[in-house]
Amino acid sequence: MKEIILALEFYLIVIVIAMLVAFIIKGMLVLVRLFTPKQVAGAKDAGNKGK
Amino acid sequence: MEFLATLFQGVGTLFYQEPKIAIFRIVLIFLGIVFVWLGQRGTLEPLIMIPMGFGMAAVNTGVLFFSADKLGTLFTDTLAEDTESLMYALQVEVFQPIYTFAFGNNLIACLVFMGVGVLADVGNVLRFPFTSMLIALFAELGSFVTFPIAVAMGLNYAEAAAISVVGGADGPMVLFTAVILAPEIFVPITVIAYLYLSLTYGAYPFIIRAIVPKHLRGLVVKVSKKSDITSGEKIAFDIIACTFLCLLLPVAAPLLLSFFLGNAIKESGVTKYAKLIEDVFLYTATFFLGLMLGVLCEASTLLDPRVLIFLILGIIALGVSGIGGLIGGYVVYLISGKNFNPTAGIAGVSCVPTCAKIAQHEVYLVNKRAVILQYAMGANICGVIVSAILTGLFVSVVPILMQ
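From first to last, the protein sequence lines stand for chains A and B. When you line the first sequence up against my numbering, it's residues 178 to 228, in that order. When you line the second sequence up against my numbering, it's residues -13 to 389, in that order.
Simulated from the structure, these hints should not be mistaken for laboratory data. One should not assume that every hint holds.
[What the hints assert, rightly or not] Cut-off 30 Å, straight-line C-alpha distance, at most; resulting in silico cross-link-like pairs (DSS-like, lysine-lysine):
no., chain 1, residue 1, chain 2, residue 2
1, B, LYS324, B, LYS208
2, A, LYS203, B, LYS343
3, A, LYS203, B, LYS324
4, B, LYS220, B, LYS258
5, B, LYS343, B, LYS200
6, B, LYS354, B, LYS324
7, B, LYS200, B, LYS354
8, B, LYS343, B, LYS324
9, B, LYS220, A, LYS203
10, B, LYS208, A, LYS203
11, B, LYS56, B, LYS208
12, B, LYS258, B, LYS208
Just chain B, same shape as in the assembly (with noise of 0.2 Å):
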């Protein structure tokens, strides 16, 4: 039987674990194929939840003996923090590299927004600033709601900002926030967030035919003539914003860098820039983002009996901001004598593009003839804009409050 368990150490190990973890890692493993399955089918989104089951199954499964009383994998040791334990990490585990120059430090988060910048079109915040923001305020009602009830719920300060940053729905702002405040359950929080972000494609189109009549869905907004904005006024946005926002929150300055400097890339006409950064830079660090996320779910880290308050907290933080963006639309919509069509309102909760783009959908089911996108566009923008604003004041006062 020892035999038997050190020649097939994934199984042997099964044996030698307390039960409740070698069932979660049985159960994590079907997850994870379960992801990959509903990533290729689009369920789920294929560029995160494809490297991630991938991930989690392989972790799940390839666990071995590193000595009598010690078991591990060879993918990654988020516990190795001393120099010595460091480097021995580093010479041993293949993910280790990537784990430490890239997600502790949170490089990858960088590049994914540099990368979102590159796609993001600010013309629409520039054509309406202040219907953009507006709405873009009332879809982070969640990440507000979520924070007292997080408290309530029992996690500290840290915590509870590092779960409600869910609700501004920006994945590389919550791994932002949540390794800074939170390193200890960054892991979870932020496969809950990538799952929920996957998930709203498919749970806000019912949320907006809940709350939107029909006929406000197929209403044609006049459009006013409004002046085209120029590449050099978009780069002139790029620049104050990114120096007004780094100097108000210096804590969040690399996040804000790398947005902003994605964008004014792509404006600025340097093509070969622009490719590298969406092409190679967004799409690596994508990739290994779903990587390492599936890595890091081993079962031992994710048996933590806060994770259901996670999950219920993520659901919380993301519904509201969906309510909440959709009132901001009601909001404008009435503010403007009725000329706004209250379902780019969810569009507010900054997951760059999909928001936008299920807005337009619900909106072209009922009108073929209804445009909303560049209302749309432009409070996604501003949702990412205050988000990162959120962002950087939880993590520059939250250890404050914490002392």
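This is chain A alone, in the form it adopts within the complex (with noise of 0.2 Å):
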């Protein structure tokens, strides 16, 4: 009994990391996109164009 308990010990702990990662991966994500300068749409057709 004493195991089972740890074993699920194991896995909750195992869990609330894990599912710290995927946070961490989506805000990263959020925030990697809210400081990269976005490409104006059609901006290369244009260019391509131009010349």
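Both chains come to you apart, so use the hints to assemble them.
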């Protein structure tokens, strides 16, 4: 019984850390995209036509 | 008779050993030959099984007399611990330098992991972080189920943790945990782990067919438009995840560093480094891993009654993890309003990229238009991350619990 509870505790810790990693991924993506200058839609095409 | 035994020592030593060891030596020689044959046929993973089979056959045939009452081989001495015997072994045993400088300190596991990092694409993890992580957590179930069973079967916490990690289906992780927590039994555990990992190709399709009905296996997932993940975002993920996980689990830091560094090198476009890691480090490490595992399969090492227990626990760990992954697939299927193919769940068992390929293959057999590889690869990489978290946790906490 003691070992089952111990295994469950291990599982809970792993779940918490793994979900933290998932949150970090999501948050990091939002931040990176927030600070990356967006290319104006069609700007590349317009530039090519100008050539 | 004595002259013949001295002349042909490989055969002669069979008559000077305990009968059960001699018989087991012969069994292992044949097993080594069978591994090479099955590896060549592709039934077992050839990259590991061919060198391992050769090593296993050679180490059990090449036994010789060191003195009147001492038998041994010229391959490696795992028992050399003090400086004097270690220096002697380094001069005499052919593979001792590899064992001492790459195996015992886990360098080989880290090199394999660096190669896995180069092969991995974290783009799908970034696209579906929660889905992938949820599946990977379910697919780790085997490790947690096996741990109390192992203790109930008489293993101590360190041994139980080492065999439980087989449920994560990651060879380097099993090696890393076993070498640190249970060095005296790391050979049988790692051999069993790699043997079973080779068999996932054969066994997991049956588990998928038994649990996921045909109409769900052929389910085409409607994909909403997801933005592309740039290399910069992948590298940002690598460095942040590496820093965060090393901060939480310093004991697993070498493994984590290896994986994320390998991936960052690939994404940064430094092709010369990426080729070096993939073509040289990964394949050299895998070759020597297989060969060393074979060489370490001496009859006296494997003739441990606990090997049978490890065999049973290994099957439980991998089987339950596979079933757990598919349950995770069903959970995501229900959460997403039935717009997810539960077959992708098996890929949460982290054996990269085997499990993802198995999932896609099973789906393809039912419906040639159904593509789940992007979900499967995401779950697959998250499986590696979850296994690394578990390994770090076991290696950090179990020694404290043992005190």
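Task: Those earlier numbered hints the structure runs against, lowest number first - done: Hint check: 11, 12 fail, others pass.
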